[in-house]
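Engineer: Read off the chains here:
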Amino acid sequence: MAARGQRSAKRRSGCFLVMFSGVKPDKRSKVKGITQLGSRSSSSSSHSSNSNTTRSNSSSGSGGSSSSSSNNKGGGCKSHSGSSSGSSSGSGSPPAGTPPHTQMASHESLNSESKSSSLNSKLGHESMTVRDGSRTLRPDEPPLVPGEQLEGTAREVTYLCPYVGPKKGTLSVTNYRLIFRSPETDPPFELEVPLGVVSRIEKVGGANTSRGENSYGIEIFCKDIRNLRFAHKQENHSRRMVTEKLLQYAFPASHKLPFFAFGYNEQYQERGWSVYEPIAELKRQGLPTESWRITRINEQYELCETYPAVWAVPAAASDNDLRNVAAFRSRGRIPVLSWIHPESQATITRCAQPLVGVSGKRSRDDEAYIQHIMDANAQSHKIFIMDARPSVNAVANKAKGGGYESEDAYQNAEVQFLDIHNIHVMRESLRKLQEVCYPHIDNSHWLSNLEATHWLDHIRCVLSGALRIADKVESHKTSVVVHCSDGWDRTAQLTALSMLMLDGYYRTIPGFAVLLEKEWLSFGHKFAQRVGHGDDRHQDADRSPVFLQFVDCVWQILKQFPHAFQFTEDMLITILDHLYSCLFGTFLYNSERERIEKEVKTKTVSLWSLILSNKADFENPLYSANTKHHVLFPRTSMRHLCLWDKYYCRWNPSMRQQEPVHIRYKELLHVKEQLEKHVDELRKELAARQTHDSPRVASAIV
Amino acid sequence: MNSHRKGTPSARFTTYIDFEEINDGLTTVGETVPLRPIDVPEETNVDEEKIEPHLLPGEIMIARANNVLKFAPLKANRTGISGTLFVTNFKVSFVTSLPVETKERDMHSRSLQNRFLGVHDVCLSEVDMVNQFSEDSAKKKRLLYNTQMPPRLSGLQLVLKSLRVINFSFKFTPTGEDIRVAQALLHHAFPTSIDHLFLSCGYAPSSPGIPDFCRPADWEHELQRTRCPNWRVSKHNEFFNLCASLPTVLVVPRDLLDAQLEQAAQHFQGTRPPVWCWGTPAGAALVRMAQISPSITDNNDNPVARVPVLALQAASGFLVGRTGWQWAERGLHLALEEGKPSHSRLSVSKSVGSNMKKRKVDEASQQQENRMMGLVHRCHPMRLQPKIFDLDQILPSLKEIQISYIKLRELHTPDDPTQFWEQDRHYFSRLESSRWLSHVSKCLEVAQNAATAILHQNSSVILQDASGCDLSAVISSLVQLLLDPHVRTIRGFHCLIQKEWVALGHPFTKRLGHTRNQVEEQSPVWLLFLDCVYQVSLQHHTALEFTSEYLVALWHAAHCSLHSSFMFNSVSAKYSASDVLQRENPQQPIYLRPVWSWWAENKSIIENEQNGSDEEPLDCKTSAREAFLNVHYIQKLFKSLAISGAVRRISDPLSSAYHTWQHIDCLMGETRQLPYDPATPIVPLQLDGSLRLDTSLSNLRPWLNCFCAWLSEPAMLTLNDSESLLKDSSPASHHWSHIHEMYNTMKDLLSQNLTNGAAQ
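Note that the protein sequences, when read in sequence, are chains A and B. Heads up: the first sequence begins at 16 in this note's numbering, then just goes up one per residue. Heads up: the second sequence begins at 2 in this note's numbering, then just goes up one per residue.
Don't read these hints as lab results, they were simulated from the structure. Since the structure is predicted, the reported quantities are computational estimates derived from the model, not experimental observations.
Derived DSS-like pairs: lysine-lysine, alpha-carbon spacing no greater than 30 Å straight-line:
1. B:Lys408 to A:Lys574
2. B:Lys443 to A:Lys574
3. B:Lys140 to B:Lys104
4. A:Lys643 to A:Lys574
5. A:Lys218 to A:Lys260
6. B:Lys748 to A:Lys692
7. B:Lys443 to A:Lys661
Just so you have them, the derived chain A footprint on chain B, three or more residues with Cβ under 8 Å:
8. 423 to 429
9. 703 to 709
10. 742 to 753
Just so it is clear, CB atoms sit at the ideal spot from N, CA and C, and this is done for glycine as well.
The whole structure should be built from the sequences, with the hints applied where relevant.
Structural biologist: In structure tokens, the structure reads:
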């Protein structure tokens with residue numbers, strides 16, 4: 016511990032090497048370090064519009080940066096140009112810390128006489144990366160986030176961008192990310208990748224076997240749907256050092272090193288760790304009631320080590336009953352309340368599969384417990400047990416001691432299977448999706464290739480499953496018990512999504528944080544295992560994009576109900592970026608218990624600190640708060656789903672991203688404000704004049 | 002899931018009891034869904050007698066069937082509504098006293114034919130297919146106008162051209178009425194001749210406020226507006242003696258004499274000479290041209306040995322298509338008859354690549370074609386080479402478009418929820434295999450190339466397709482949409498369609514299958530064009546003054562026989578149909594109503610609709626206007642007023658702010674008239690660059706608004722009308738409220754004459 020303390024102190028001092036003129040270092044570096052992930056995506060999208068369209072009217076907007084853009088496009092690369100003056104000429108400079116993409120809407124596209132506004136706003140994207148004004152940095156000294164330390168630098172490295180071709184520059188490795196800067200273009204071409212996203216690193220070409228230019232180097236496979244290739248010069252002998260450093264910091268867990276999150280010491284206004292208090296959230300839902308109680312039976316994580324410390328359970332079940340039920344449920348994950356309908360008291364409870372086995376074992380306690388859950392809701396004399404799996408899989412699980420509830424044993428219960436496939440199927444599907452999206456898209460077979468990945472098919476299954484749960488609770492006032500095999504993957508997707516549909520609170524920014532903290536983190540979705548944080552076993556069969564799939568589902572709902580969410584897709588992308596980045600402690604480790612053990616709350620920063628401190632950047636201007644009391648039933652047919660290209664295809668400049676409506680809405684508000692200002696000025700001016708002049712007859716207008 | 006698993010296609014039309022059983026199966030929780038048709042048999046006959054459809058002047062009721070159940074397809078709980086079904090010579094009318102579904106009401110309020118069609122009415126020419134469900138077989142069977150009728154029909158399914166399916170059940174209909182209705186429907190929905198359709202309703206239409214491009218002044222106006230030099234208006238087609246598919250007025254090269262025009266026309270298909278349709282001040286013209294007629298004389302000749310020059314041409318193997326034609330040194334040398342010294346000898350060649358379809362052309366026709374191209378060349382002030390786009394080579398054929406459309410129709414008109422979900426699983430690959438989007442992509446690409454040629458190379462573009470009135474209309478319209486800001490306004494778009502599609506004679510009757518003849522000629526070129534415009538609107542949100550909703554409405558409007566715009570093969574066909582009608586009804590005035598009149602009309606012709614009579618027609622209009630007007634376009638207009646100083650200049654008629662405000666006022670104003678005054682002075686064409694399109698398939702989107710306009714997802718859920726449920730509201734509603742506020746602020750300011758004072 017002491018050793019680590021020293022190290023981080025060292026790092027902190029290291030970070031002050033970075034000096035910025037005019038802005039306090041901490042503030043500045045926050046802007047850079049934190050928003051980069053989000054901003055990179057938007058900046059790459061800005062390049063995309065220009066790269067494959069030869070602009071016909073060069074007169075549009077954004078002055079000098081347009082020339083640089085053509086040189087600087089490509090795979091998630093960021094360009095810094097020298098001056099920030101261009102981006103904020105019209106209307107006051109944007110607040111620091113605002114992600115550039117949101118600034119863009121209000122400034123750039125307003126200032127240009129737009130011939131075609133979407134074109135201009137794309138250009139706007141570009142100029143918004145122009146932000147770090149007059150920085151006094153040497154080219155190979157990238158700005159670092161607090162706690163970040165330069166570990167190694169290799170010169171004369173070539174980045175082989177699949178879209179714009181090779182770029183020569185300097186590759187630096189820090190304990191947090193890799194930074195590639197190419198001074199070849201002006202402004203310099205820059206690529207920053209947090210090492211957390213690295214899935215595997217491979218050397219390309221041997222010392223004696225490599226022939227031809229750029230055939231000797233490394234290839235980095237990332238978790239965020241892209242691969243990076245760097246070519247080294249053999250005679251520089253830089254590859255070995257880079258590879259070593261990369262391996263060490265990309266896979267700290269495999270090298271017995273701490274995650275970078277433990278060294279990151281940014282200060283935020285908001286404390287993200289306090290966004291979710293289990294008791295407070297249960298109280299918000301109206302607990303305890305006469306039928307539901309709050310218990311701390313799992314305070315020491317003894318009854319169930321993957322569950323949180325605080326549970327809400329039927330009041331009719333004693334602690335002893337809970338212990339007995341735990342024995343009959345896989346890994347002790349007993350049915351615990353996720354959500355209760357404020358009026359009908361119909362509930363969503365979640366658990367793992369019952370340990371029925373081949374012999375068809377029964378548990379009176381478990382049956383009674385399910386009956387208690389049903390009885391807690393006076394509105395209905397029936398209860399649904401939603402098994403997320405395909406029925407074949409549920410049956411097959413009997414051989415492993417698991418299974419599903421038989422309707423004979425559980426009176427008044429109806430078991431339904433939701434046909435969602437397991438983590439291995441999902442992983443394979445995402446792999447196929449990546450093949451289709453990256454690096455190049457086969458246009459002639461785009462739709463059928465997309466369909467062949469089955470990614471959207473799986474999304475549809477999850478969404479319609481969640482919809483069915485929400486419908487049972489909302490329309491039929493019936494309680495639903497949800498489980499899959501272990502109750503931490505598909506179950507988390509289903510409960511969280513149906514809660515999102517049913518309860519408008521979860522569609523606010525803090526509410527969404529609570530939803531993730533509660534349904535995903537505290538109930539033990541194995542983030543470490545599924546993402547493989549800091550682990551070099553890239554072929555680990557436990558990895559699976561379950562959480563990504565959930566966020567995709569959220570995006571699909573958001574797309575269908577643009578007014579019902581307080582946040583925009585930018586927040587979802589930021590969350591996904593930091594799912595991999597290991598900058599924040601939020602998604603580290605597998606369960607609440609492990610996080611307590613590792614003192615994550617005290618030693619790392621929460622992702623919600625970033626999001627809540629920069630709330631304005633993620634706010635959806637279209638949000639209308641009265642949708643909070645409504646229930647969302649999204650359409651789940653294939654034709655109404657679409658690929659989230661802003662996420663999956665963001666590195667691909669040929670994929671044209673639609674300008675989101677909320678950007679145009681922001682522009683509208685700005686236009687309105689300007690117009691009203693002008694009108695007011697005119698009124699005042701006239702009022703002043705009329706007091707001086709004698710009244711005269713004004714001629715008619717219009 | 003339950004619902005669609007249990008619902009088989011046959012179940013719907015078996016017996017009445019079955020509906021109840023299905024419902025019981027569905028409502029597993031115990032509550033019963035009230036069955037609306039339950040009261041049907043009890044309804045008294047006295048009431049039934051009173052029910053009549055609303056008939057327009059001249060409309061005749063032909064058949065009626067009582068106690069019919071109407072089903073929206075894909076409804077899990079199978080609630081039909083009962084009423085009386087009428088077939089008139091204009092529409093299929095379903096009259097019921099039961100409330101209308103929200104979806105139907107919405108669609109009705111956003112249709113351009115809601116002035117004379119009620120919520121439950123369907124114009125006969127919209128009927129695409131009629132299928133029957135008979136009692137003894139579960140399968141549906143298509144009924145044609147000459148099909149032998151079975152003794153009894155248990156149900157009738159109408160598949161409409163707007164990709165909508167309506168089912169009627171005759172379970173409780175008195176015997177005989179079902180057959181009579183079906184026969185009347187089949188007879189009148191598929192007439193042998195266009196003048197058998199109900200084309201005129203006896204009300205004089207409001208002035209559409211746009212030129213119809215049948216008068217010389219309209220074309221002269223267009224020439225002045227575009228300032229395209231060296232072209233002239235010819236009235237040589239005054240009695241359609243030159244070409245039946247062209248209007249009486251055409252724009253031809255200035256140097257072309259009428260006599261030469263007549264001579265040249267004979268050599269083109271449909272005797273249709275090349276015509277100018279648009280141009281730029283710099284001199285680049287957009288010309289549409291038919292292919293030359295296949296030779297009649299030398300059918301027996303060996304084409305290779307026939308004309309040495311042609312052989313030479315074929316050997317030279319010019320590139321076809323987007324690279325256009327080239328001046329060929331090895332090609333034909335052709336002297337133009339007029340002896341202009343410097344340009345008297347033009348070496349012109351129509352490229353004949355080896356990949357071209359073998360077309361038998363005789364030398365004279367070839368010469369005429371080359372001559373016409375030479376004239377287009379000479380019209381260019383800088384004598385730049387025109388580019389030829391041989392659309393038959395580079396775009397899908399009409400047949401292919403029709404095949405795609407049929408696949409598209411299959412994909413969007415499922416019979417029951419099972420089929421819907423089965424299709425939905427493979428929606429993307431089926432959509433791709435229909436190749437519809439790839440056709441759209443090709444059209445956009447060609448249009449983009451043509452626009453680039455005009456804008457950046459300043460070269461004239463000749464669009465050539467077989468008849469000169471199908472794909473050339475698509476490309477020509479798109480090129481203008483990309484280049485001409487006027488065309489992106491509603492009025493400009495109306496003008497464009499009137500010019501390129503109506504006046505220049507797109508054969509709507511044939512292509513949309515308004516009559517039962519020439520079925521093999523059907524091809525929804527019009528829909529293809531609208532889909533292309535939809536893609537433009539997607540990629541450029543603020544560029545078009547109208548929304549994609551309006552495009553959907555235009556597609557639907559093309560199937561209503563009272564809209565004369567989309568009914569005829571040509572202007573001359575319209576005149577002759579009008580003559581026929583006038584001869585048949587000498588007493589009644591004949592009014593052919595252009596679709597654009599909708600904008601000028603406030604009131605519904607059907608005064609008292611049985612349902613929803615309490616609804617204010619004006620409200621309906623407002624919502625339709627908001628659905629048709631692109632709020633982002635108006636936002637762009639306001640944006641230009643929000644720049645500093647603009648408000649101050651707003652009352653100065655010479656300022657751009659003044660014009661912008663006039664524009665906004667037209668769109669938003671109380672008058673609710675056409676968005677423009679017909680007497681608007683000529684605003685010269687200002688080329689301000691081209692809209693850039695991304696035509697790759699991965700960046701095109703299926704037009705769900707149109708294809709799924711009537712297809713709602715079959716409900717998997719039992720309860721859909723809960724009050725707490727958030728209905729998806731129009732995403733533009735937020736925008737509209739602010740736009741209205743801004744408008745009112747400005748209006749308020751101007752009403753106080755404040756700007757006038759400030760300006761002084």
